[in-house]
Amino acid sequence: MMRFLLICTIFLLFTFSAHSQSLGPSLDKSPMDMSYYPNNYPLLKIQDNITGPAVARVIYSRPNKNGRIIFGELIEYGKVWRLGANEATEIEFYQNVKIGSTKVKKGTYTMYAIPATDKWTIIVNKETDTWGSFKYDIKKDLLRIDLPVEKQSEVAESFVMFFDKATNGISLQIIWDDIKVSLPISL
Amino acid sequence: MTSRQILIFQFFAIFFFSCNVKNNDAKKEGVKDSLANKETVNPYATHDQSPLDMSYCPKDYPVFRMNGADSSLLVARIIYSRPQKKGRSIFGGSERNLVPYGKEWRLGANEATEIQFFKAVKIGKQKIDKGSYIIYAIPYQDKWTIILNSNLYTWGLHMDSRKDVFKIDVPTADQVPILEDFTIVFEPSDSGASMIMAWDKVRAALPIIFLK
Chain A
164 MMRFLLICTI
174 FLLFTFSAHS
184 QSLGPSLDKS
194 PMDMSYYPNN
204 YPLLKIQDNI
214 TGPAVARVIY
224 SRPNKNGRII
234 FGELIEYGKV
244 WRLGANEATE
254 IEFYQNVKIG
264 STKVKKGTYT
274 MYAIPATDKW
284 TIIVNKETDT
294 WGSFKYDIKK
304 DLLRIDLPVE
314 KQSEVAESFV
324 MFFDKATNGI
334 SLQIIWDDIK
344 VSLPISL
Chain B
3 MTSRQILIFQ
13 FFAIFFFSCN
23 VKNNDAKKEG
33 VKDSLANKET
43 VNPYATHDQS
53 PLDMSYCPKD
63 YPVFRMNGAD
73 SSLLVARIIY
83 SRPQKKGRSI
93 FGGSERNLVP
103 YGKEWRLGAN
113 EATEIQFFKA
123 VKIGKQKIDK
133 GSYIIYAIPY
143 QDKWTIILNS
153 NLYTWGLHMD
163 SRKDVFKIDV
173 PTADQVPILE
183 DFTIVFEPSD
193 SGASMIMAWD
203 KVRAALPIIF
213 LK
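Protein sequences appear in the order of chains A and B. If you count by my numbering, then the first sequence holds residues 164 to 350, one letter each, in order. If you count by my numbering, then the second sequence holds residues 3 to 214, one letter each, in order.
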């Protein structure tokens, strides 16, 4: 028993000494990522393959499922979630667009979600460069839209967002675990 | 040591560990959970080996903002990808080096590194207008040339030098200890901020002067 405890202790100590990087932050557990529309716009650009201007970009952090139950447990139903991790998720439109019946001017916004079992409320808010949803301010909302939840057969380990072409423009696909929500954006 | 002493020690060890986990949330210290080795099952987009990150000037501005800080404090933000050393020799005069001297380097990985100034600043003697730029470097042994360029939303290879808007040489210094992850952070300085760029054994700093 004593030997076992000693080994555990050494192992524990080793674990924390392994993650220090003295200057600033080391890599994030929920790394940041970005998605453009058109997809892979920066790559297409250096290949001289772009057919039109960039429309939108989302910057978000990507937590992992890590065996947890996500919706209903890690992320409680009915509460504002930052759609990711760390800094509030940011969406930038390079042209004017429309979401639901609301005009969205070219510019940068913060996005949040309120997940529920059968629908999600997606929020587009004007307060940028903030952390998470802890001080989310409803007065700075530009719009809210309710969207149906689709169950997926495949489980996404990492939270992911990307754009797809849709009938009247594009849609932002929001996927984690076995849940998918599509935000329609009219151009 | 008796097993009781070990237990007490372990209790403290666990306590210390949980403090670290809390820090992670505040992004003070990240657990380096080697992303490359993690088999991430994701049918859409896997985690990047050189994950994206952002640094604000002032450092941790989003946390200040969440706690009610005035938005006029915000000066700059950089969005960059963070490659890791992984035993390689990074900067050097040979083609074997990952980042050879005299060649343009995107200051990161993947997409071109992007810096946004939320207000006009001065770098060297030049005023830099509010707005977004891509930023890249040409490293040499004793200096790095840092370049701002207007060709936004591009991948970090083949910089279009016709769109360069500003260039400055900054000296290099030794980075101690060696950094596994490429890191950019803003630190306060007498005249404004210093944008520290560091990886492996090398560190360079871009001086940013705040305008009154």
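Keep in mind the hints are simulated off the structure, nothing from the lab. Don't be surprised by glycine CBs; every beta carbon is placed ideally from N, CA and C. Among the hints, a few may not be true.
Stretch by stretch, here's where chain B covers chain A in the computed footprint (C-beta under 8 angstroms, at least three residues) [unchecked claim]:
# : region
1 : 190 to 196
2 : 231 to 243
3 : 291 to 299
4 : 319 to 327
For each hint, the structure was consulted:
no., hint, result
1, 190 to 196, "holds (count 6)"
2, 231 to 243, "violated (count 0)"
3, 291 to 299, "holds (count 6)"
4, 319 to 327, "holds (count 5)"
When held up to the earlier numbered hints, the structure conflicts with hint 2 and nothing else.
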